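So you can see what is in the structure, the chains are spelled out below.
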Amino acid sequence: MIYRENGQFKTTYAADQQIFTIAQDKVFVLGVIAFAFIGIPLLADEYMFRAILIPFLILSLAALGVNLLVGYCGQITLGAGAFMAIGAYAAYNFMIRIDGMPLIFGLLLGGLASAGMGILFGIPSLRVRGLYLAVATLAAQFFCDWAFLRLGWFTNYSSSGSVSISNLSVFGWGIDSPLEKYLFCLCFIVVFAFVAKNLTRASIGRQWMAIRDMDVAAEVIGIRPMWAKLSAFAVSSFFVGVAGALWGFVHLGSWEPAAFSVDRSFQLLFMVIIGGMGSILGSFFGAAFIVVLPIFLNQVLPALGHLFGIEISTAGISHAELIIFGSLIVFFLIVEPHGLARLWSIAKEKLRLWPFPH
Amino acid sequence: MGFFVETLIGGLMAGMLYSLVALGFVLIFKASGVFNFAQGAMVLFAALAMARFSEWANIALGGDNLFLANVIAFFAAGVVMFIAAWAIERLVLRNLVNQEGATLLMATLGIAYVLEGIGQTIFGSEVYPINVGMPKDPVIMFESLFEGGIMINKEDFIAALIAAILVAVLTIFFQKTPVGRALRAVADDHQAAQSIGIPLNRTWVIVWFVAGLVALVAGIIWGSKLGVQFSLATVAMRALPVVILGGLTSVPGAIVGGLIIGVGEKLSEVYLGPYVGGGIEIWFAYMLALVFLLFRPQGLFGEKIIDRV
Amino acid sequence: MSRKIGDVILDLQNISLRFGGVNALTDISFDVREHEVRAIIGPNGAGKSSMLNVINGVYHPQDGKIMYRGKERKKMEPHMAASTGIARTFQNIALFKGMSVLDNIMTGRNLKIKSNLLLQALWLGPAQKEEIEHRKKVEEIIDFLEIQHIRKTPVGRLPYGLQKRVDLGRALAMEPQILLLDEPMAGMNVEEKQDMCRFILDVNDQFGTTIVLIEHDMGVVMDISDRVVVLDYGKKIGDGVPDEVRASPEVIKAYLGAGH
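Chains as they are written, first to last, in the working numbering: chain S, 513 to 870; chain R, 276 to 584; chain C, 306 to 565.
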């Protein structure tokens, strides 16, 4: 089937407002989802699940949340890691302190707690923007780093400072094997991606983008900046918080505050920049890129060094990683501020015209 | 009482160092509107260069003239910082003219990563000492005023002196020299400055170089105190609240803000910390800055921002 | 003309606005009647844009009273002014440049969209129905302004004249009672100006929208407006129907300079 929209006429506004207005897109995305649910479980091995697929899914969710705030609402944040931490620790406390708390509720409550804190730390955005706001979000980061390390209540006075959760199960279905963990995360990410897409094509998404593009004009046409900004903070923090809870519960199993440090915040921001600001798809691209790149470098660099007779140490690889990451950030900001997602849509545009580009 | 004053002075000394890093922030923000997250990486980079050049020069000189080795190392590190400034202008800033503040900020995060990576690849990633002959012994002062006197590190004292001199020199440089005037003009309006013949690109190289030198001085002081190691890069995080407090465009603001944050951190840690489990230094500074942001977004000495429609 | 000019809808009394030590507006009073086209003219820096900013709540005057529909309006933020039916366009186009024409105009419907966040998140029935209803309204505006062919184009890619039209469309989507237009024809060529004049008069005619307009092109102002206020250095120097204003010696002095 050629990628073409010829002959697909929309006769109602409902049809024109669908997520995928071109039938091939719809088929493609449904195909990808089906493959993720059926194909990958058949193909991937345990290492793939543990090292790549599960982190990729969870970080995609977090990046999606950050993208809603940074890419759609234009409010920069350097504290996303803190909201992952809030989600993880809140969910942990809901699980251990309330008997019989179902796992999914626990995770969502973690997200809600994170959303609440998101609103609180989003208040400065009503007064300041850009650089100043970045600093305000760092305040959240450092405060949470400290609180989860020093305030014993959050960790249930665990002596080692790390908390752990085991025996995850949903409706009696135990989530133990990497495959089950993968499928569990996949369900979350599919639902959340759908929600994100809906929000961004609805009134609330337009309000966010209006605030991003021209806040004074947005206010003049009747958008309340407070509502628009704080709702973006809340929704974003909810996504990030759920991702944090999944990261702790499903990926790590037991964790310390260092798992959600400021480096994590930067990492999430980088995913959004590289993947594409203001793009749902971009969040996935960004997460995939940042999860896979270190693994790729770990494999390729020593081999490459070997070729030229140089021994590259582990430290050397991690330094090279820093340099490559940094350069890529700058590269994308200069050359393609809309990230990988834009490259993807350019490719699609080309494909639509192919093979008659003129 | 003596203990309180000692804490206060300790805070002031720490604050002086924050001020130095904050100064780098302010310089760059004034001249190019870039909120330079890489300032901490620059401090690390400069300090690494200084430590290793000094080590190598010392070996080359046969190990008997540490002073000369340090002088050589200082100039070599200066050259390295110049190259870094030139490369940053050439590869990054030039391509991001007229972009939004947030974009530039994220670009400097990228620069920070690159600097950290390159610095550690070239100069190594262990803990290196810097020995510029700073006296380490403490002195007891004001014995007549307080019981037992007040203990001050000579090292801190000299560091504060150096910082003060640096600020004075920079102020003169900005106010009195033609280059300084050009920098201020560029800061006010890029395009207007360009239209009267001030070369934008060269000005940026200069200002990033000056910020690099400030980073070098901060790195030397810090490094000789605690050794040069990766954690130096996080010093930028400590200095951020300072610039918020002082105002992004104000040199005196950086100084006063640094002192306030330094003192605030120490006092809160000593008097408040024990009640909540300690370690509150970092976030206390941020909370202080945050509260400040809410009531006076432009900082202590910053210029008020007026929106126009 | 068929339309009928009604009672005073907006009454500005002794408005003064200062920025620090600068007097932007000094003791200005004038009124706007329902359904009329009211122009504000004056040289550069006369305070015309500041006047509009006062009306829709971006600036808060230090002195003076604003009566809207017979009631005194207390301190008001722009979004509240919007919810009372005041819309505006901007001198330097202030469109949302990352969004399509359609989405830009849809933002104008924002105040009228009622479904909550959860409904929107799940795209449930009511949210979708609402979305379609407003889409219909927006399509009417798109038809009215003759911009059907660019509805899905990001506004950043449009030429200046079309952007001005989208700006007007976004304001119209609010179904305003008072429409403030800040130099809607600046930088346009003759054909574009004619189009824009036609749109403005049509809006006024068909929807009965009251229009307050800033414009430099005297020909246009004298042609389409019912009454004109003249500002100079933040003070009112003339007020009346176009012919009166044209004849006023003070206005001539302000425009041509004292020597003439």
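Derived from the structure by calculation, the hints contain no laboratory data. Incorrect hints may have been included.
Pairs of lysine to aspartate or glutamate, DMTMM-like flavour, derived with a Cα cap of 20 Å [as the list claims (entries may be wrong)]:
#, chain 1, residue 1, chain 2, residue 2
1, C, LYS457, S, GLU768
2, C, LYS309, C, ASP510
3, S, LYS522, C, GLU555
4, C, LYS402, S, ASP537
5, C, LYS498, C, ASP522
6, R, LYS451, R, ASP339
7, S, LYS522, C, ASP368
8, S, LYS522, C, GLU438
9, R, LYS500, R, ASP412
10, C, LYS441, S, ASP528
11, S, LYS709, C, GLU435
12, C, LYS434, C, GLU451
13, C, LYS402, S, ASP727
14, C, LYS380, C, ASP336
15, C, LYS402, R, GLU375
16, C, LYS419, C, GLU435
17, C, LYS457, S, ASP537
18, C, LYS457, S, GLU861
19, S, LYS522, C, GLU445
20, C, LYS309, C, ASP448
21, C, LYS442, C, ASP336
22, C, LYS380, C, ASP332
23, C, LYS370, C, ASP316
24, S, LYS522, C, ASP500
25, C, LYS457, S, ASP688
26, C, LYS309, C, ASP336
27, S, LYS860, S, GLU848
28, C, LYS434, S, ASP528
29, C, LYS457, S, GLU692
30, C, LYS540, C, GLU555
31, C, LYS442, S, ASP775
Computed far set for chain R versus chain S, every beta-carbon distance over 10 Å [said to hold, decoys possible]:
#, residue
32, PHE279
33, ARG327
34, GLY353
35, VAL367
36, GLY385
37, TYR388
38, ILE440
39, VAL531
40, VAL538
Keep in mind the model is a prediction, meaning the values are calculated, not measured. Heads up, the beta-carbon is just placed ideally off N, CA and C, and yes, glycines get one too.
Which hint numbers doesn't this structure obey? 1, 3, 4, 6, 7, 12, 20, 21, 24, 25, 29, 31, 35, 36, 37
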